[in-house]
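Dock chain one against chain two, each of which comes alone in its own frame, and use the hints as you go.
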Amino acid sequence: MSASAGVDVGGTFTDITIADPETGRVTVAKVPSTANQADGLVHGLHEAGVSFEELATLVHGTTVATNAILERRGASVALVTTAGFRDVLELRRRDRPHTYGLTSNYTPLTPRAHCFEITERITSTGAVSTSMTETDIARLADELAAGEFDAVAVCLLNAYANPEHERLLGDALRDRLPGTPVSLSHELAAEAGEFERASTVTVNAYVQPKMRDYLGSVRDQLRSAGFGHEMQVMQSSGGLMPVSRAIAEPARTALSGPAAGTVAAAAIAREAGFPDVISADMGGTSFDVALIPGGTPAVSTLTQLDFGIPLKLPMVDIHTIGAGGGSIASVDRGGVLQVGPRSAGAIPGPACYGKGGTEPTVTDANVVLGRLPSGGALGTGGGLSLDYSAAEHAVRVHVADPLGLSTEHAALSIVAVANARMAGAIRTVSVDAGADPRKFALVGFGGAGPLHAVELAREIGCAQVVLPPRPGLACALGCLVADARVDFTHSVEDVVEHLDAATVEKVLAGHAQRGTEQLRTEGLSDDVVVTHWAEMSYQKQLHTVSVELGDTASGWDVDRLTSVFIDAYRAQYGGMLRSAAARLVNLRTTVIGRRPVPPLAITDESERPEQYRRVVFATGAVDTPVVGRSSLHAGETVNGPLVVEQSDTTILVPPGTRVLAHESGSLVVEVQA
Amino acid sequence: MNAGTEATVDPTTLAVVKGRLEQLVDEMDTVFERMAFSPVISDALDRANGLYRPGTGSMIVQGERGLPIFVGVMQFAVRAVADRIEEPRAGDVYLLNDPYLGGTHIMDVKMVRPFFYNGRLLCYLANTGHWPDIGGRVPGGFAAEASDVYQEGLRLPPVKIVDNDEVCGDIVEILKFNSRIPEDIEGDVDAQVSALVAGERRLVELIDEYGVDVIERCWSELEARAACEMRSYLAELPDGDYEFTEEMDNDGLVDEPLSIRVRASVRGDELTIDFAGSSPPCLGPMNSVEAATVSSAVVAIKHIFPDIALNSGMFEPLEVRTPTDTFLNAAVPRPVSGCAAETSQRIITAVMGALAQAAPDRVPAGSCATINNLSMGGIDDSGNPYVMYVFLGGGYGGHREGDGLSNGCSLMSSARTQSIEVTEQRYPVRFDRYALRDGSAGAGRYRGGFGVDYEFTFTGGTARASLLGDQSRTAPRGIAGGHAGSTASPYFVLDGEEVVLPMRSKGENVELRSGDRVRLRTPGGGGWGEPSERPPDDVAADVHGGYLTDEEADRDYRTRR
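Residue numbers (the working numbering), protein chains in the order written: chain A, 202 to 874; chain B, 223 to 783.
Just chain B, same shape as in the assembly (with noise of 0.2 Å):
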């Protein structure tokens, strides 16, 4: 084991020192959360944090509770900032967000400060958090029929935000000036700023106790244990080329499906995932960069391997092919807002569906894939600008220990909901129902989660909304006979008419008057195994429990009590 490291670390060592680095980032989150001003990162907790290399900008460390989809993506922010920079100094925080050299979409804004000790450049602490606003055609950045990236907002290449531990204030100024919700910007970046400095303060006092030469050897050994661990794990899937095909609904502009191609081969102890044979670049928001489709790729293979250790290691067995000539590496100037929360999903669910072909034990059955994300802006009754921000969850899959979560969150994201009180004192509407979706859930042995049924009343001022989803088309898949759960079906109710968008899932700057209503009703999870062989026992304390009709009952299970 580990014959490829030169100076071995003693094995205490090794294991304190990981659990201080895995402590520190941690702390990083935590502060970060608390401090910032909008939802998205306070309660929804949209955000990362980590130390990364230079030079390659490889993950050293990231916090557990950190947003999966950016496990990769900050890799490749890092690394955009250290070649870019002429001479790297301490004391200073660089800010960037353009999706091609940082990773995801404009509102992920990254910020990464280097670390120097005793005067050598040694790491980059950085992180990243979710601005609800900054700029583009509609309010939250969401724009569901945009066709270029400079309609999505403001893209910044990497800029000195904080110089010599002064915040630049004229860049602040820029960027306040962009937003329709200046004030969150002043209070996140007060926030993202400070979780750099506790995480450096942390970081010089845990070097300062282990010294530099073991610290870093501890790094390069981590990185050496996670490789082989990501190892053992491929090494217990049988050889082969395992293929799977999900199908988006739209780019939000074309109503033509979206196909995402995965061939997954196992070698050994290795695997390459291929996505060539996807769709094209697409004309409107849906289309993914590469750091964001190689991070999901990565979350996909740490859910059905949730305890390998999170550092670049475990990259290092893994081969991950994104073709330029797909939707799923698109170059500047294709629009990016829908890769971060729903083809991301998609391409997580086509990894695992693949991969469920070798591993059908560990891997659920298709998930909720789709966030619905409804952002929704303008001025409320009082005459303040408001942006509000919703997105939902929907069930999962059910697995081979038991029935699927309802209402799990984003299967790229750890983000909770905002409670419907506190949403209703911040933003003009009124909620009138927020439940399980009825009859969502895919039928099994073990049965999927279910969806969720959600609605609300705009109460005055105005308001125009924007929505960008997906799996209106393709639900959550069954496994081994499971059945399917059911696709996403989002609404508006405008001037008492039900209103279903040209394109479903997608739509942007819909105007909403006092009254007009916003229901969005979720996928829920597909079954595991066939419905008949559930014990009649779990069927009848469905029933029971009122998760499942009487009918509902016969029609799937085939079961009377």
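Isolated chain A (complex conformation) (with noise of 0.2 Å):
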């Protein structure tokens, strides 16, 4: 009666979990992905035998608005500005995509034929200086209404300050544009920053009718199917929202399938004993880090999707670079060896798919030293076999040769080149929050994440790994796992000597008391967890540092603001500021529905007899048990070097590491055995 699913689409395969907490079984399927979305889901869900009548909840991640923006495939968008800058997103912050070298270019999402001004003036105090006048509105809705647009942007200059003039023009709009979506920028992003905010209001009008339309037709097809409940879509914070809300503010699934991968890795870690931890996704061409403190993802607000296309919006703090399976090795002409950010990609790909890929990749590599099985299938999806000989002549050519490097050498500079790459960015990550990632755990998952995961914990100084039951499909069970969750920013923009706590307590409570009501009528409100966050800083800073203010909007004076500020700001960056005025920018809340988490251990049947396969390692090549995951059992604890295979991956354990099969369904690696 209480099974609930799962599914990630993505651009190659759709992934399904269902979890049925009566029997403790989790299922999951994997099938190809098809040019209407909606039917492979639909499609895939049939497949893995759901019985829709029975299902009561259904998550989604997704990358349909991902895939718009990225590949430019979005709605005609108007966008409405204060007179004077209708250029807001072409002037972007004065800035170019690298800082050596002037011949890139770039495109915003709507031209500039397509954006509109409306004369009015809100000062940035909030005070309006210039009312906009009637005649103006009905001509701009004539205009807006002759340009036939798919959906209309609105951000007013200052509109953070006081949302009055978005309000009114939002109401006239949707009144006289009925059936054209409109998006006003406080709405999304209440914060200042004019191109920040236009931007993501763009992205919102952007995706919106493609959202529309898919979400939609999932909905429709899973209502006929038998399914009557309100489907729920992965925001990129981390969190869940129904559907009618996604379909409103579709620029919070910008991340939704990355960030499901996160709520997974935080998950699977807390039930093998690991609450601080970091994700390590790395598949075909990109390595995605998070950095998982106490159990819960930590969220950016503000993400560059693209060059010139930030998102201010709570989204998982997930750094990615160019370092995957299909990563390009080469000899720069210094003499150097670089590894990514160029890929192979999926089409030709490596040389050992055999695809016409010539240029060695760091999937190559892992087949010249035998890490990955040559000849053998890898994967699920259409059993691709491994050529050798391919992937020995690529590396060969193209790297030992120059380096003069035997090809076997050549293979393992490449995998630590690629693992130094990624423990950059675990580093980035890491000391951006003033973290240090030795005290962290490392859950390595994405199809390639479990073949690097313990040698990339050995180069940074996790203790331990931690390799999920089915690494390929972490993404879905994210959907499975992952909380409701309602966020608010209130922006304040003063220093803390002008605050009083019963300011500061209208707001938060505001916010405890929206989100819980609107968790209550999503029916998703029986356990709400709030947490508040004041970003502040120094007065005459620009960057600001999340304070956690935990649950309570009570008490918050501009003594005890002042030094729970101080002290976060000394643990992140140190310093030696003895006195400066320190600055509330922004009041945040997160109001949390915790869901009950189904159980989690998920098997992988596939049975295989022991075999042994000659593997080098940066020690020296080893004559290596492969064993299928099903022979590893819960409690046993076995000495690498090892390799495990799975339908989905395959899992690296090097000499001097030891591997325990936790009872929860997962490996848990001990980097120093």
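Calculated directly from the structure, the hints in this document are not laboratory data.
Careful: at least some of the hints might be erroneous.
Reference excerpt, derived from the structure (chain B facing chain A, CB under 8 Å, subset only) [what the hints assert, rightly or not]:
no., residue
1, Leu-344
2, Gly-624
3, Ser-628
Selected chain B positions facing chain A (Cβ under 8 Å, derived; list incomplete) [to be verified]:
no., residue
4, Ala-237
5, Pro-290
6, Asp-412
7, Glu-541
8, Ser-589
9, Ser-604
10, Ser-641
11, Val-644
12, Tyr-656
Backbone N, C-alpha and C define an ideal beta-carbon position, used for all residues, glycine too.
Structural data, given as structure tokens:
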């Protein structure tokens, strides 16, 4: 009766996980994605044997919004700004994509001719200095109607300080342009910074028609299949929202899939006894890393989706670099080995795929080293066979010969340099948060993550590595375990001395109340957790520190706010400042509706007889046992070297390390055995 | 390859250490910008961090996100400190801003920290940040009518600012007493020192991990590799002498153009850049110092070959000649505030103009190369002192791969603009427009990017504004038949009257009253290739997209849609 399903739809595969708490079983399915992703999704659920009538919850992770932005295949959007500022997107923050080189360009999501102006003005203190006239509004509405836009975005100057004009204009436009969605900047991000706010509201409008059609189609198909509840959608913040909110604010799904992966990493590691972890998701082209202190993925309030496309919404702070199985290794003009960010992608792919790729990739290096099985099948999709001689040839010609190394030595170098770049990404994420990565366990997932995770952990000094039961299905699993979430931001922009506890309390308590009510109407308010945050800085600074205020809205007077700020600031930066005024930039609140966590132990049933394979490690080649995942039984400990193969990944346990099959279904590797 | 180096490092270690060093200096950049009080540093990112060798001061590594102009400059600054201090000690930091010793204008304040490992001086950690005010005759230091360096601000030789990990309070007090915004000084000093300390901590970790021998061998090896890289690119250029002359508006005091003459001589895999024949040292603040001139020439080359590693090896096959009878290598007490943002950018476009003849496919058409530096200071209507500091971008030139970027940042910088909304929060101004400047992009097969049109009204309190810009006389050039972009066009509206400054792009201490306006219009980039060769679809897309009027399309492209 109370089964729940998580569905992650990517460009290539649709991953499905179904948890039945009564039987304690989680079943999984992986089916090819379809051109209309809604069809593949529903088909996959059928394939997985879902009884739609008995399904209580369905959570969806989606890349529809992300791809529309990155591939510039979104809607025709009209942007409306204050007169004099319609070029806000074109101008960005006056930058260039790369520090060196002047030959790159920028295309905004909507062209200049689709940007409109209205005469009005609000000052930085929120006072109205020029009112809008009915005539201007009517004329604008006529122009927008004539342009037949798919969606409208509105961003007026200083709307963060006073949203009155945006509201007025929004009401008028919704009234006069029935059927055309209108997004208002202050509703998404009521914070100072006109470019970032304009970009955020434009992104929302840009992906909205597509998301509305897509999610509507999924909802209809699910309904006719017999699903009687509202579908939930994964937000970039790592929390869920109902499909109705996803249709109104689709910009919140820009990192839906990767965020789900971090939620899964957090839940799986917690089950295995590790609350503080770093998630390391390595796929074909990219490596995504996120810091998860205390079991909750760290969230950032500003993310760059692409050059000149910032999004000012709470999103899991995922740092992405171009390092994956498909990353290409080359030797530069100075004779230094480089790995990535160029990728062979899926086509032509690594040389060993035999699909026309000739340049050596990280996957090719792993084949040369015996870490991936040559002649064997990789992953579930399509059962690709890996060609050793193609891998060997590519590594030899492009790396070994130019550097004067043996092919195996060159392959080791490729893996080491790739690992070093990934370790660098992990350090960046930790350092940014003022955290020491050595105090965290590493969760390795994605198709290629488990192959590199242990060596990566060794490089950064993590003591343990957690390898989930199904590393290739982490995002779908994250959908299954995520909580519902509502975020609020209130812009204060004032020195702390000008504030009092009652003002702060009014804002925070208001957030908590609105969030709880919203979750109640969405039916997700059984177990509500409220967390308040203050974004603060010294008065003259621009960058803020997020100070956690816990769940209490009251008692935040000047002294207490100042003292928690100084503590947080010192912890992050150190520094020697003795006296300077503190500034409260924003008050934020996160309201979480907790959901029961279904069992996570998904076993991989594939039996495999134990074999031996020559695997090359940095310390030398070893005849290494290769086993199937299911042959490691709960509680069992095995010393490396060991290769564990399963349908969605290959796990490498190097010599000198030890792996424990944890009863939660994860493998836990002790890096210094 | 690399036959010159004694002991080799294995390729894996070399690649890994290279990445670790880059990350270390990136972290220093991040700490500095996050902690800084001045928006010029925290938002505009006008700062750089790196590691430098003892003795020569040559660059081991510098942050990729650091301001390009400091690529060469920091070597001079570190060497100046190394030469002058008697006994470098761990835990100390030296500060200097003298343009003639340390490299740019007075506002760029450098800090240098000796780094010891096992009791031996291994390298210097150093950084620089643009402080918004350190005295001088105008708020912000860009005194367009200064006739010597003493009028540009407090000039400091290397002085100890941190002694055995204690900040020297008396020195900080001197700095604060000489600034119009003392509170910023305290925050910026803390940020700048903290960045050095953060870098030091990482460097200790790195050396602990690999050993001092390996790290030092990596440094030598990486320098040798960068030199190789540079040589391999230079070898692809045809041998020859390529000449180009840029003209600057004036020096701020005398309305006569200043010429930057470049002769770039390619011989095999080596390049000599000679500025002989450029204008003599000038009366006003457009003089450049040797460090800034050399650095600008190197930045031009790195813009053309962006993949070359950032260490001193890239200088090895280069010779830059900066004769002392030119304004590009001025001596004390010539004023120099215009060097870092104006003259340096025109040196870059001059060198690119010369090398465009050798490599037309690699070099874009001329770009906006002025930042229209507007500094304004006074007391706001709540009685607080302020220094508002604005600089602008413009259009880049079209290039072989596409149209030029609109509103690109300064060529010698990577500094972003502060948002209009934050600027209005902090200073007594209200903006009237911030837009692409219509008609500013040079036509071409690949057209230039657009300049900007920026206008604000002063809303109350007191204000004295100074402008230090250029390029109001000579527009960014077109290449291969492309048209030039537009020139800069700044003016004030005082008491309802439009006022163009006598030197057009430069002037100081213009007193504003509530309701007065400032309007700055910046150059668009030049076009690349004949406009008639631009595909009609691209012209039509520009017209439909609102970038080109019908009239402009007819006039420049002779295309009817």
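Evaluation of the provided hints:
1. Leu-344: The hint is violated - Leu-344 of chain B has no Cβ within 8 Å of chain A, the shortest such distance being about 22 Å.
2. Gly-624: Since the shortest Cβ distance to chain A is 5 Å, the answer is holds.
3. Ser-628: holds (6 Å)
4. Ala-237: holds (5 Å)
5. Pro-290: holds (6 Å)
6. Asp-412: holds (5 Å)
7. Glu-541: violated (20 Å)
8. Ser-589: Holds, because the Cβ-Cβ distance from Ser-589 of chain B to chain A comes to roughly 6 Å (cut-off 8 Å).
9. Ser-604: Not OK, violated: Ser-604 of chain B not within 8 Å of chain A, min 11 Å.
10. Ser-641: holds (5 Å)
11. Val-644: holds (6 Å)
12. Tyr-656: Since the shortest Cβ distance to chain A is 6 Å, the answer is holds.
Of the numbered hints given earlier, the model fails hints 1, 7 and 9; all others are met.
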